[in-house]
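Build out the structure end to end from the sequences listed, making use of the hints.
Here is how the chains run, residue by residue.
There are 4 protein chains.
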Amino acid sequence: MKLEMNANEVEAYIEQVFPQVSDYGFKIENLETGKISVSMKIADAHLRPGGTVSGPTMFTLADCASYLIVLAHIGKVALAVTTNLNINFISKPEGDLIADSQLLKLGKRLAVCEISIRSKMNKTLVAHATATYSIPPSL
Amino acid sequence: MKLEMNANEVEAYIEQVFPQVSDYGFKIENLETGKISVSMKIADAHLRPGGTVSGPTMFTLADCASYLIVLAHIGKVALAVTTNLNINFISKPEGDLIADSQLLKLGKRLAVCEISIRSKMNKTLVAHATATYSIPPSL
Amino acid sequence: MKLEMNANEVEAYIEQVFPQVSDYGFKIENLETGKISVSMKIADAHLRPGGTVSGPTMFTLADCASYLIVLAHIGKVALAVTTNLNINFISKPEGDLIADSQLLKLGKRLAVCEISIRSKMNKTLVAHATATYSIPPSL
Amino acid sequence: MKLEMNANEVEAYIEQVFPQVSDYGFKIENLETGKISVSMKIADAHLRPGGTVSGPTMFTLADCASYLIVLAHIGKVALAVTTNLNINFISKPEGDLIADSQLLKLGKRLAVCEISIRSKMNKTLVAHATATYSIPPSL
Numbered sequence: 024m025k026l027e028m029n030a031n032e033v034e035a036y037i038e039q040v041f042p043q044v045s046d047y048g049f050k051i052e053n054l055e056t057g058k059i060s061v062s063m064k065i066a067d068a069h070l071r072p073g074g075t076v077s078g079p080t081m082f083t084l085a086d087c088a089s090y091l092i093v094l095a096h097i098g099k100v101a102l103a104v105t106t107n108l109n110i111n112f113i114s115k116p117e118g119d120l121i122a123d124s125q126l127l128k129l130g131k132r133l134a135v136c137e138i139s140i141r142s143k144m145n146k147t148l149v150a151h152a153t154a155t156y157s158i159p160p161s162l
Numbered sequence: 024m025k026l027e028m029n030a031n032e033v034e035a036y037i038e039q040v041f042p043q044v045s046d047y048g049f050k051i052e053n054l055e056t057g058k059i060s061v062s063m064k065i066a067d068a069h070l071r072p073g074g075t076v077s078g079p080t081m082f083t084l085a086d087c088a089s090y091l092i093v094l095a096h097i098g099k100v101a102l103a104v105t106t107n108l109n110i111n112f113i114s115k116p117e118g119d120l121i122a123d124s125q126l127l128k129l130g131k132r133l134a135v136c137e138i139s140i141r142s143k144m145n146k147t148l149v150a151h152a153t154a155t156y157s158i159p160p161s162l
Numbered sequence: 024m025k026l027e028m029n030a031n032e033v034e035a036y037i038e039q040v041f042p043q044v045s046d047y048g049f050k051i052e053n054l055e056t057g058k059i060s061v062s063m064k065i066a067d068a069h070l071r072p073g074g075t076v077s078g079p080t081m082f083t084l085a086d087c088a089s090y091l092i093v094l095a096h097i098g099k100v101a102l103a104v105t106t107n108l109n110i111n112f113i114s115k116p117e118g119d120l121i122a123d124s125q126l127l128k129l130g131k132r133l134a135v136c137e138i139s140i141r142s143k144m145n146k147t148l149v150a151h152a153t154a155t156y157s158i159p160p161s162l
Numbered sequence: 024m025k026l027e028m029n030a031n032e033v034e035a036y037i038e039q040v041f042p043q044v045s046d047y048g049f050k051i052e053n054l055e056t057g058k059i060s061v062s063m064k065i066a067d068a069h070l071r072p073g074g075t076v077s078g079p080t081m082f083t084l085a086d087c088a089s090y091l092i093v094l095a096h097i098g099k100v101a102l103a104v105t106t107n108l109n110i111n112f113i114s115k116p117e118g119d120l121i122a123d124s125q126l127l128k129l130g131k132r133l134a135v136c137e138i139s140i141r142s143k144m145n146k147t148l149v150a151h152a153t154a155t156y157s158i159p160p161s162l
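Residue numbers (this note's numbering), protein chains in the order written: chain A, 24 to 162; chain B, 24 to 162; chain C, 24 to 162; chain D, 24 to 162.
Just so you know, the hints here were simulated from the structure itself, not pulled from any lab data.
Just so you know, not all the hints are guaranteed correct.
A pair holds if it fits inside one copy or across any two, identical chains being indistinguishable in the list.
Unchecked claim - Mimicking SDA-like on lysine to any residue, the simulated pairs with C-alpha atoms at most 25 Å apart in a straight line are:
1) LYS146 x SER157
2) LYS146 x MET24
3) LYS128 x SER77
4) LYS131 x PRO42
5) LYS64 x LYS131
In structure tokens form, the structure reads like this:
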């Protein structure tokens, strides 16, 4: 397992192919072999009554952080596709979030990630997920 | 298992407590004991490169359809909370979507739903999910 | 999607390659395109205190029924491998069980199944699962 | 979060209420606040063709390790019930296994655990799971 792209290269590539993602307020805080940390600024659109961050917002963060760590390891040549995502909501989130995603497996056909989402402020675990990506055959 | 609210009552209540949800373009197409069908108009914001609907969009639809079927059965008194959602992405979606969610379990503390999301046009299965909701104790 | 083997061929093949499975008391009750029903005789070894069937027993039934339906469609040439199984336990099982597994997807690389496990006697849903299998490349 | 029972107390209690479990060859290797390590001796009954440990065996280990960590924290008064278990099979296991389960959440009604299963010999990750337990109301 080794990195094919650094954080700047990953962000520039995403900007180009998924322009909508930049609207989400994601930022790669750290990227190393097998691990990524992605922060997310929480805006009003992500909130539910009572000020809690919505489930779909946390799903999006879990999926994007994992997509980015897979991309950073397989490079631009291939476009991975999410095949499964399982998320447990643990506690009520507050304020900006940070997701740590690690690669549990990077095979030729499947990558599996484990993701912890925490409130950035107090590090409380708010959600935990696992996600599987199908990696297309290289041409 | 019996309905506490009809489709109009559910939509009016959601409009009031989750105003953002109406932006999603959801519409209850059918609601009966244990079952709901919710359609979703797909707009540009939901798309990924290549014209496919994004994973988070399908997650949102699965979660909302299930939230609505739980709400319709437990009534306004309690606010259910998603505790787990597992989604498998099956095929590339095209155009507007429809989600069929059925209650597998409606207990005092937990409700479990099974959701199939199809392309509205050709009925192809695009995603399948299961979701668990925690039901707060009635006061 | 079409069957490559009938119920007798599937059972004979399993007998040969997984002799331990016959100890489980599984029997294919029905097999058609995209669907299988597998029954399981419950013995003392499967029980938990209070007479309930153990979680691992239901996992085994869900996994085997799905493995068999995949096998029936891809034929003996390839050996599928379970990559993910998500199971929700719905109610307390009683007596013999029956699992209905249907293929949600049969792709070149991945197959996805949805499984309902019921008490054979009263048809109560006791568990619901989804499972993913990786299909090795044909030689 | 604090321990209500130590490793010896947990094993003695399990011996008494789940006598079948001792046949599985499980042993608590470590137990501390929020974390447990449980090893499993692999016998012929757990094997699949090619010498790989079966999926149901790993499910059983994941479920038991998590059940024990929940039990150690809630005490004998209550009997937790598995409501959901999601498992990803990562690589081909070899020889005896060790499961590390940690409590992600210990609420009044739900506990959520995350489990990594490794080959004891070479520490390779062979499976990863998350599990949810419903905790009955204390009397």
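Now for the hints, and whether the structure bears them out:
1. LYS146 x SER157: between (31 Å within a copy, 24 Å between copies)
2. LYS146 x MET24: between (28 Å within a copy, 17 Å between copies)
3. LYS128 x SER77: This pair counts as between: shortest inter-copy Cα distance 19 Å, intra-copy 29 Å.
4. LYS131 x PRO42: neither (28 Å within a copy, 31 Å between copies)
5. LYS64 x LYS131: neither (34 Å within a copy, 31 Å between copies)
Hints 4 and 5 from the list above are not met by this structure, while the remaining hints are.
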